[in-house]
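Those protein sequences? They're chains A and B, same order as listed. Note that the UniProt record's numbering has the first sequence beginning at 1, numbered continuously upward. Note that the UniProt record's numbering has the second sequence beginning at 1, numbered continuously upward.
A hint or two may mislead.
The list cannot tell twin chains apart, which means a pair is met if one copy fits it or any two copies do.
Unchecked claim - Straight line, CA to CA, 20 Å or less: simulated DMTMM-like cross-link-like pairs of lysine to aspartate or glutamate:
id : residue 1 : residue 2
1  : LYS91     : GLU266
2  : LYS299    : ASP289
3  : LYS57     : ASP45
4  : LYS38     : GLU63
5  : LYS22     : ASP3
6  : LYS22     : ASP253
7  : LYS166    : ASP267
8  : LYS254    : ASP25
9  : LYS145    : GLU251
10 : LYS145    : GLU34
11 : LYS57     : ASP67
12 : LYS166    : GLU274
13 : LYS38     : ASP3
14 : LYS299    : GLU180
15 : LYS166    : GLU266
16 : LYS181    : GLU109
17 : LYS389    : GLU148
18 : LYS315    : ASP25
19 : LYS57     : GLU371
20 : LYS22     : GLU251
21 : LYS38     : GLU219
22 : LYS22     : GLU148
23 : LYS353    : ASP385
24 : LYS22     : ASP289
Hints in this document: simulated from the structure, not taken from any laboratory. Predicted model only: the values in this text are computed from it and were never measured.
Number of protein chains: 2
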Amino acid sequence: MFDIAILGFGTVGSGVMEVIEKNSDMISQSAAQEIRVKYIVDVRDFTGNPYESLIVKDFSVVENDPDVKVVVETIGGAGVAYDFTRRSLLKGKSVVTSNKELVATHGYELTQIAREKGVNYLFEASVGGGIPIIRPITQCLAANKINEIYGILNGTTNYILTEMVKNGVAFANALREAQEKGYAEQNPDADIKGHDVCRKICILSALCFGRHVYPQHVETEGIEAVTLDDISYAGRIGYRVKLLGRAIHMEGDKIAVYVAPHLVREDNLIASVEGVMNGIIVRGNAIGDVMFYGAGAGKLPTASAVVADIIDAAKHVNARKWLSWQDGGPELIYDVGLLESAWYVRASDAPEKIRRVFGDVTVIDGLKDGETAFTTPVMSKNKADSLLKELSVLSVFRIID
Amino acid sequence: MFDIAILGFGTVGSGVMEVIEKNSDMISQSAAQEIRVKYIVDVRDFTGNPYESLIVKDFSVVENDPDVKVVVETIGGAGVAYDFTRRSLLKGKSVVTSNKELVATHGYELTQIAREKGVNYLFEASVGGGIPIIRPITQCLAANKINEIYGILNGTTNYILTEMVKNGVAFANALREAQEKGYAEQNPDADIKGHDVCRKICILSALCFGRHVYPQHVETEGIEAVTLDDISYAGRIGYRVKLLGRAIHMEGDKIAVYVAPHLVREDNLIASVEGVMNGIIVRGNAIGDVMFYGAGAGKLPTASAVVADIIDAAKHVNARKWLSWQDGGPELIYDVGLLESAWYVRASDAPEKIRRVFGDVTVIDGLKDGETAFTTPVMSKNKADSLLKELSVLSVFRIID
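Bound-form chain A, shown alone:
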């Protein structure tokens, strides 16, 4: 019998309970012992809930019960979740979480405490929902130097962009639709402004490159500026518009890391990742490109990753897992302004003027009156920005093949 406690009985927390019950036979077999939820910590009232008897409002009950070997933190945020996680680790309990904000903000400190205490801090569910990504990077690709990682890390924005591309729905309407279907929060800022992707690319950067990347150092742009016109122009030259989180290992061990909408060429598999699905490409120096694809959010997919971590923690209760990295700071971050690529631009200028400014551009046919969309040769963001000052720019996005 292996006792655990779930902190926070919302969507993910109750999904964890559901998966544990539903697949209990095989979970016990994988963990080589029965996993029992001894407590659920939640301050809300659960009168009549089938798990009412497990609910405790006071975290210190869990903290002080030596039977509880693993604490499952599905509270979210970096407030009380941070406090409870620290206290659990300090008491020698392993912690499993889906909380990307907490890992992105305090992951270095928390993995250090786990290391000192000889316990595990596991967070497979924090990136890509149920998609196996953290363990594959740290174990299966352990023989590779990773050069780059990028992908679609947020289902809400990918749903909105897919609706815009496939059904010609404008941004505001697609967002409303996503909210109605429960894919977007009533306050959708964390998704559409790119903050959610930012946290995830921070976590992936730490795992791939060994240093903590803090969210406040990552240039982050959401999808609010993407219009149906941009999507249509992109389609004409064989590209789709996707919000990507991206991190590249640069010379001098710096990391170029940012979040922004991109034009992605249609034959890049990432361009075919649609709706609420996520897809992540990892480029290693031996393996080349690999992609991981699946549901990046949702109750049971996320719970599935949490429970896999619980099983892992149960099997390694006396062994530390190798999830840790060094601290980082602004000196680690490569100036994204120097990062080169081709650019897509839409401007209310005539092609002649654009050619005078940029020289060799490719103009996309089928324009609105008074508007020109074009793609530039490869150049840094700083160079593109300085040239674009001479034009009346409506949109500008990086191109990735």
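Please build the complex by placing chain B on the supplied structure of chain A, with the hints as guidance.
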């Protein structure tokens, strides 16, 4: 210092050496010790090779050297590789391999020996080359009951089919091209007849469903019967022709498992897996569909997976990994004839006759004189076969959405 021996210094064996040298700093860090290749066992002559001093012709040198903790078997086949693997495990050495034929044929026995001896038998590289697939299935998806696994498991045949689809190259010419580029062997039977895929789906079945599936019990069909006409008809209705290995968990714990060309709908991500790449979809009862994509073969990608297993074995030298399953036999296999789906058929009959036989079919427009291509309603293979006896059938493929 952690000593290993490489058996067989061909493409994969020399790739393992290359990856170990190239990424030695991070491999040592991951493994928490330096990994040293003490011997390379190969009967051929390597005079002047930079690793000449490591070459031994006699396996018993490795077998009897207690310093060698891990044996890397990259010989291939189920002959001498089987003998050396058994002897290594019996001597208490872990074995890491890329040898799908050996795992598919003797995997049950070899994992049992490893279990008894408290060592590891690891074979991440045997399926999907460098793509992380075995560890994600056994660890990351451990909280899921897996309902189905299918995918493109052979780069050679996928390259040929992609050439046929994209460039209209006929099968024989595409095969010759693949041979010239080194993607296909001079004797390409194992690839184009589906045997390679068969071995891989056997290994995946064992991992997903817990019982050994032997290759001789798996209905296996290659790509020789696929014509440019079929590919063109499929394209007209939004499908691509792909060779799939597929295994489904059926009622009564039986497994429906087979290898055959399929029509795959274009919006299934598997349809976009092109050239020599592989893509594998796993369907779990909590996670839903996840896909793993990457280079399914090639020297460095395959070596990358082998070295990840070496690192894992080095970290777990005193701990058994949980890769094992029960034995299986013909009683485990579900009659694929009963498995239902829609079917694509090309026949030299008129639509009227076809409708008389099948009732409600969808005829694909743009046909050659005297030929009709059509898709059927969902029915079992046995039912389709019995109806097709009344027609002059040219091709018949299962459809997967």
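Kindly indicate which numbered hints from before are broken by the structure, ordering the numbers from low to high.
1, 16, 17, 19, 21
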